[in-house]
Amino acid sequence: MKNDLGTQSQILLDISKPRRRTFVSQLQVHTIPMLMLLPFMLLFLVFLVYPVLKSLFLSFTDYNAVREPSFVGLQNYSEILHDPRFYKALQNTSIYTFSSVILTNIIGLGLAMAFGSQRVLDQILRGIFFLPAVAGGIAIATVWKWILSSEDYGLLNTIIGWFGFESVSWLGMPKYAVPVLIMYTVWNGLGYSMILFVSNLRSIPNELYEAAAIDGASPWDRFVKITVPLLRPTFIYTTVTGIIGAFQVFSEPYIFFADVHNVGGILDSGLTVVTYLFEKGFYRFQMGEASAVAWILFAICFVLTLINLRVQRANESVQ
Amino acid sequence: MVGEKRHPVLDQLIRLPFYLLALFVLLPYYWMATAAFKPLSEIQARPPSFMIKEPSFHNFFDPRWVFGEVSPLQDVTQGLFQRYEASFIGHIFLNSMGITVFVTLFSLLFASAAAYILVKHKFWGANLIFGLIIASMMVPWEVTIIPNFLTMRDLGWINSYQALLIPGLAKAFTVFFFRQVIMNMPNDLFEAAKIDGANEFRTWWQIVLPLLRPALAAMVIFVSLAEWNNFMWPLIVVNDANHTTLPLQLSQLAGDLSKDPRSAGVVMAATLLVSLPALIIFMVFQKDFINGLTAGSVKG
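Listed in order, the protein sequences are those of chains A and B. Going by UniProt numbering, the first sequence opens with residue 1, and the numbers climb by one from there. Going by UniProt numbering, the second sequence opens with residue 1, and the numbers climb by one from there.
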């Protein structure tokens, strides 16, 4: 029926406007649409497509932003891949990424299961957990820096002091740099994953649980065999976007650890891939090497996403 | 628990650690809000106190402070509005606000128009363009910053509003998102408009945009939040006071914190001012925020 109507109106159109394929008629048909497409396309080409190609080109050159870029082949890549600082950045970022993604997934799911209902108290609690996703950013990272930084009047040290722990120099000790970043990011991101899990949990029909309960399945069985498999779309989404987002972390390590001379903090303990890129590009003006770092970052994100999707698909076929 | 029968004791047992977690999430906000109104003596108190004994506005403006007097023992410090003039704080606030509104408004207008044309207007190359848009979404944003910085420099746009406004207008994800929504709109609508003699521009303005409202709301939240908190790009293209933004100025102020713990109260006063708009908007539009952000994810 719908199709018939469609064809009819198509016929009507064809009768009312006989289209001759002349240049003028083509111009009439396409002018307004192309003008509507133009602003986005222009910006897209100038600030996204061209820069991607340009940075690929720059990654094969020696360029200090003043002299003309000179072609050096794979030298930038080989220099970076021989730089221990790059491996430090990569190690920090990897530990940071995997820990924060796993923790936000687990805690986010726990929160969604605990506070997923429509009761007013649960809605308020969801609002609280979601708060950092909105009012986060540099401002609250600055607050954290103060809570963490000071030796004995720092708030975190006071709190852990209540439980009998010694004061810790959170931002001054290399071994705590990555854990602090992970803690901040989990604090910041668990509300968002919670909200995603809540909407996914709501989509699971109650009959499934009832049927399983009748069959004598324990709550744990129901959780493992019904809830977890049916949450797969959200797991995929939070994991893939989480990995990509975490690999690109910049503002937090910059706020916590960067100073005038060094972006990575003590012994580069807080150096990440993007702060390393930033330092190469905008502290040292090694634009070629910085571009190569950007492309290595792209390759890493790309491969991790592929692996992730492959693993998820394999799980899917097993079930 | 969602989707399962409640077991009261187990339920509360599971919830207990999460109630503590909620306190932990609120803690920095509480700490910021109280510290902003604590006098210096309480800021420096060890151990720190959760209460404000003598609330004051001295972190914003301390009338006792005299220029040139620096005494580490004095319970007086330069308030935020003494360190920066009120007009300057207003200026960078307007900078941030203006950039956020401009980028959000125009990036969404351009993206929705482009998405509509790519879906509903048949022309050679439409799929090619869309493929390019999808491909560009896979490239991390950092790949573009060096060439874009060089472009800004070559155009003479370093330290200009153009640099803060124009490059941020090309948002591939929004086109992708709008395209998915527009594809599900019934074709009959557009054909009816065509029969009535509306051109593509009027159809977009009068039919597509109103129908896109929920999707637009979601993207307004995404784009405006990201823009309000944008840090890296202004850090790269701006180094003068005239074009600085709130996050940028705040990070500079926060740098003082590590040098001089006495400035903590002033820094907290500033962070309160910066996060207040986001906090108010969040409280008013909490539901829309949450719906908007889930709309960006996959459907189960």
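It cannot be assumed that every hint is accurate.
[What the hints assert, rightly or not] Label pairs and their in silico Cβ distance ranges:
id, chain 1, residue 1, chain 2, residue 2, range
1, A, Q28, B, N239, 21 to 27 Å
2, A, T22, B, R213, 37 to 43 Å
3, B, G197, A, R232, 28 to 34 Å
4, A, V46, B, G131, 16 to 22 Å
5, A, F302, B, W124, 27 to 33 Å
6, B, M51, A, P174, 55 to 61 Å
7, B, R213, A, H82, 51 to 57 Å
8, A, K225, B, N239, 55 to 61 Å
[What the hints assert, rightly or not] Which chain A residues face chain B? A few, computed with CB under 7 Å, are given here:
id, residue
9, I160
10, W162
11, G164
Think of the hints as simulated: they come from the structure by calculation, not from any bench. In this text, a Cβ means the ideal position worked out from N, Cα and C, and glycines have one as well.
request  = Output the numbers, in ascending order, of every earlier hint that fails for this structure.
outcome  = Violated hints: 1, 3, 6, 9, 10, 11; rest satisfied.
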